[in-house]
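Enquirer: Assemble the whole structure, with the sequences as input and the hints as a guide.
Protein sequence lines, in the order shown, are assigned to chains A and B. Here this note's numbering is used: position 72 in the first sequence is 72, and no number is missing along the way. Here this note's numbering is used: position 117 in the second sequence is 117, and no number is missing along the way.
Treat the hints as calculated values from the structure; they're not laboratory data. Be aware that one or more of the hints could be misleading.
Where chains are identical, the list cannot tell them apart; a pair therefore holds if satisfied intra-copy or between any two copies.
[What the hints assert, rightly or not] Taking lysine-lysine and the DSSO-like style, the derived pairs with C-alpha atoms no more than 30 Å apart in a straight line are: (1) K247 to K325; (2) K149 to K83; (3) K126 to K458; (4) K368 to K247; (5) K30 to K247; (6) K336 to K247; (7) K30 to K242; (8) K126 to K336; (9) K309 to K226; (10) K180 to K206; (11) K251 to K303; (12) K181 to K202; (13) K247 to K38; (14) K126 to K325; (15) K256 to K28; (16) K30 to K251; (17) K226 to K464; (18) K126 to K149; (19) K85 to K303; (20) K464 to K368; (21) K336 to K181; (22) K368 to K314; (23) K28 to K126; (24) K149 to K85.
Residues per chain, in single letters:
Number of protein chains: 2
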Amino acid sequence: MANDSRFVNQIADIESDFPQWYTDVVLKTKLVDYGPVKGTMVIRPYGYAIWENIQRELDRRFRATGHENAYFPMLIPMSFLSKEKEHVEGFAPEVAVVTHAGGEELAEPLVVRPTSETIIGNMYSKWLQSYRDLPILINQWANVMRWEKTTRPFLRTSEFLWQEGHTVHATEEEAEEETKKMLGVYKEFAENCLAIPVITGKKTEKEKFAGAVATYGMEAMMHDGKSLQAGTSHYLGQNFAKAFDIKFLDKDGALKYAYTTSWGVSTRLIGAIIMAHGDQRGLALPPVVAPVQVVIVPIAAKKAGVTEKCVQVKQLLEEAGIRVKLDDSDNSPGWKFNEWEMKGVPLRIELGPRDIEAGKAMTFRRDKLEKGELPLEGLADSVKQLLDTIQKDMLDAARERRDKRIVYASDMAGILKGVEGGNFVKAGWCGCRECEDRIKAETAATARVYAEGETAEKCAVCGKPAKHMVIFARAY
Amino acid sequence: MANDSRFVNQIADIESDFPQWYTDVVLKTKLVDYGPVKGTMVIRPYGYAIWENIQRELDRRFRATGHENAYFPMLIPMSFLSKEKEHVEGFAPEVAVVTHAGGEELAEPLVVRPTSETIIGNMYSKWLQSYRDLPILINQWANVMRWEKTTRPFLRTSEFLWQEGHTVHATEEEAEEETKKMLGVYKEFAENCLAIPVITGKKTEKEKFAGAVATYGMEAMMHDGKSLQAGTSHYLGQNFAKAFDIKFLDKDGALKYAYTTSWGVSTRLIGAIIMAHGDQRGLALPPVVAPVQVVIVPIAAKKAGVTEKCVQVKQLLEEAGIRVKLDDSDNSPGWKFNEWEMKGVPLRIELGPRDIEAGKAMTFRRDKLEKGELPLEGLADSVKQLLDTIQKDMLDAARERRDKRIVYASDMAGILKGVEGGNFVKAGWCGCRECEDRIKAETAATARVYAEGETAEKCAVCGKPAKHMVIFARAY
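Expert: Given below as structure tokens:
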């Protein structure tokens, strides 16, 4: 059956106008809508269901690594921000400020949290007494607000949802280990749940979190070859401990400042999924986070037994823990095919009178746009296996697409050519801010992360000996 | 073994100083702490885990009744509030207002949501086209802010967490049915999950939600006989549909205003659990929402085999889906007993060398303060059964305590005597605002809900014919 082209035509061309493709897809699939206040978004049920799946998977991993959830107030006294010099410089320009409440002007303006190191640090200083209280391993699921000039749904919005882990440790080593452990959790999650291969590594001083000693990031390649920072993990040293007096009585009887970390991922990840896997037909969602994993489309639904069989198959799959939608609307099968392909449902099952008679179901894989068939006998098991295969194949395909687009450059011209061609570019860097700034000015690329375990001879800008091999890319 | 009295003594007397008892319990059990901004609270891991259990149970029920989750922006243009006259009068005095963001003064001040009828109504008017789009059944889990003069953790705080359902229907009947259905969901949840018996019913005009046609509430009796409004469900008629232009093309080709509802419960429920079940030893948590359902305390832990057996029992119970804590700290058993009793863990299991030899475990039920024993053989099953029994018994006990304290009064003196004695008082009411105001002025009691299906002859205030039998109580 030929696909109805109406829907395809409603989405801008993915190759020639990727930004418009993105906007078309997020709106038409009802993932999101614009809120009434500039820069805000409404996460609609189909988009929020992805977030809930992300939350479930991450939350399980946070607990398995010993973390507990808590909730801290959203309003932070302006004076808290100022206690850490770099922190206030980084965040003050983009905060939203509550100046009036309960009909009165407040004595001190309150900031809507852009991140919670300060208010959580304030509480930790109250709670922490002795080395016996350590480590403190707390995570928070919350909304945060950063007033941005240019916004796009999921990628950059005034308000977004995220999780922020905040931990306290007795020693530098433990805190650094935690920072890297959570980066590892993010990477494993991104690859196995979102089917997005990521490059993890340390960030440059320029790109690090305001107030951190070191920031580690994970970078994902989008369809257009640009990078999306999909998560960060910060080693904060004693910066916040000193600013907020987070001290403990150690085993040796001495009062010591603790070491802290913080790490977070946000609804931005939904943008990453869209831009890493999407194609001209719309979304392509990895099964682990897809709100609907299987859509059943009845063929010749009015023929005796078809609807009944579809309902039966739906129940069967649901009982096996699969998220299923039976589209029994009045629309034509062709219309339904387009609709659910655009919405990125990983697997379509078609059931018509002849299929039922032959004891099989026709299938369509969204990732490979590939038809197939499965016997009705043992369908739940074979569908589960197929979903696992799709999940794995999507990661492999994304990795293949990405790896072809990681190039090496030895000079500025090479970096420019590389990023203009939609690549991640590896290049040597001397470590000085001037060279980093020049690359940004001349190529619009930024240093994403250090390429771990790799070395370079010369800086691609100044030709002096290179301290690091860096991955440069244009980024969201 | 005699209980160590240190902890008991640290909690104020529940009968003579219930407010201080409450404060002592919420702080000492680490459910909550005060935030740095007046009126805010930090929900600590032990408190947040209760909220997560509440969320899980409610979310399941919302889905089973056809609702989906979504997320709407927290900041609402001030002008939205003004579109519904009663709504703005009710909420404007307690909103927090963002006037500056991104380093600039905003053209229009933004309100931090005190509730989301207005911003969600604005989106629904955009999304709703035809009767085919109805009903819209959406729920949101979010933080909200209401600037209150007098605050107490969980009961009344500037910021709190809640869920708010917002639905749209084609007809008055459907919307009213939804309003009552969700009230029923709340009641079933409160009784079966929180073990709190509730009285549900319609509220008076004075007590209804600002902007509603009718508000239905559920009222729970606290230890001191005062009432806590534990949840509300509002039938909004076409009030918000007209204010926000929520219209649809009906089957008959006519453009019509829709009918809407909203309903919510909040972290207040944690306060309800504390005050409905707590006693002089501290918290008593119902198993369904207890963060820890069973605590295992080793007796003579240094004796061979004790620790091993405790670890084994813990694993066994965990595999059966029970939330277990093994307290293998260095504290004495007596200290641990007090600690976990104060924290309200429903069931304690003690395991010592003699118990292990005899193939049994000693038990202690937090609700009845009752010792017992269980054979180690088949322990997971018998513990599960016992937790079910505790859950049921806690509801029965709370119901018995409450029912003894519902009295009838035929005049003002009777109402005053009733509420001063810590009772819910049923009394006839003529339906006029003056009489309702007089009761409040003279007894500090308010009309909680109409007593469903009950009638009264005369108004307890003016003696005129009664329109309703009303439940009056002092309330949190």
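Enquirer: All hints, please: hold or fail.
Expert: A quick look at each hint next to the structure:
1. Taking CA atoms no more than 30 Å apart as the test, K247 paired with K325 passes between copies only; the shortest distance there is 28 Å, against 54 Å inside one copy.
2. Taking the closest pair of Cα atoms, K149 and K83 come within 30 Å of each other both inside a single copy (26 Å) and across two copies (29 Å).
3. When the C-alpha separation of K126 and K458 is checked against a cutoff of 30 Å, the pair qualifies neither within a copy, at 49 Å, nor between copies, at 57 Å.
4. Neither within a single protomer nor between protomers do K368 and K247 lie at most 30 Å apart by alpha-carbon distance, with minima of 55 Å and 42 Å respectively.
5. Only between protomers do K30 and K247 lie at most 30 Å apart by alpha-carbon distance; the minimum there is 20 Å, versus 48 Å within a single protomer.
6. Taking the shortest alpha-carbon separations for K336 and K247, only the inter-copy value of 27 Å comes in at or below 30 Å, while the best intra-copy value is 61 Å.
7. Proximity of K30 to K242 under the C-alpha cut-off of 30 Å is restricted to the inter-copy arrangement: shortest distance 25 Å between copies versus 46 Å within a copy.
8. Taking CA atoms no more than 30 Å apart as the test, K126 paired with K336 passes between copies only; the shortest distance there is 24 Å, against 57 Å inside one copy.
9. Within a single copy, K309 and K226 get their C-alpha atoms no closer than 46 Å, and across copies no closer than 56 Å, so neither meets the 30 Å cut-off.
10. Taking the closest pair of Cα atoms, K180 and K206 come within 30 Å of each other only inside a single copy of the chain (20 Å); across copies the shortest separation is 57 Å, beyond that limit.
11. Within a single copy, K251 and K303 get their C-alpha atoms only as close as 78 Å, which misses the 30 Å cut-off; across copies the closest is 27 Å, which meets it.
12. In the homo-oligomer, the alpha carbons of K181 and K202 lie at most 30 Å apart inside one protomer (13 Å), although the nearest pairing across protomers, at 53 Å, exceeds that limit.
13. For the identical chains of this complex, K247 and K38 are inter-copy neighbours only, at 25 Å across copies versus 42 Å inside a copy, given an alpha-carbon limit of 30 Å.
14. For a Cα distance limit of 30 Å, the shortest separation of K126 from K325 across copies, 25 Å, qualifies, whereas the shortest one inside one copy, 50 Å, does not.
15. In this assembly of identical chains, the alpha carbons of K256 and K28 lie at most 30 Å apart only when taken from different copies (25 Å versus 55 Å within one copy).
16. For the homomeric pair K30 and K251, the shortest alpha-carbon distance between copies (24 Å) is at most 30 Å, but the shortest distance inside one copy (56 Å) is not.
17. Within a single copy, K226 and K464 get their C-alpha atoms as close as 28 Å, which meets the 30 Å cut-off; across copies the closest is 77 Å, which misses it.
18. Taking identical chains as interchangeable, the C-alpha atoms of K126 and K149 lie at most 30 Å apart only when they sit on different chains, with a minimum of 25 Å there against 37 Å within one chain.
19. Taking the closest pair of Cα atoms, K85 and K303 never come within 30 Å of each other, the shortest separation being 72 Å inside a single copy and 55 Å across copies.
20. Proximity of K464 and K368 under a CA criterion of 30 Å is satisfied in neither setting, with 47 Å inside one chain copy and 77 Å between copies.
21. For the identical chains of this complex, K336 and K181 are neighbours neither inside a copy (44 Å) nor across copies (33 Å), given an alpha-carbon limit of 30 Å.
22. Proximity of K368 to K314 under the C-alpha cut-off of 30 Å is restricted to the intra-copy arrangement: shortest distance 23 Å within a copy versus 46 Å between copies.
23. In this homomeric assembly, K28 and K126 come within 30 Å of each other (Cα to Cα) only across copies, at 14 Å, whereas the closest approach inside a single copy is 49 Å.
24. With identical chains, the CA atoms of K149 and K85 are at most 30 Å apart within one copy only, with a shortest distance of 23 Å there and 34 Å across copies.
The structure fails to meet hints 3, 4, 9, 19, 20, 21 from the earlier list, while all remaining hints are met.
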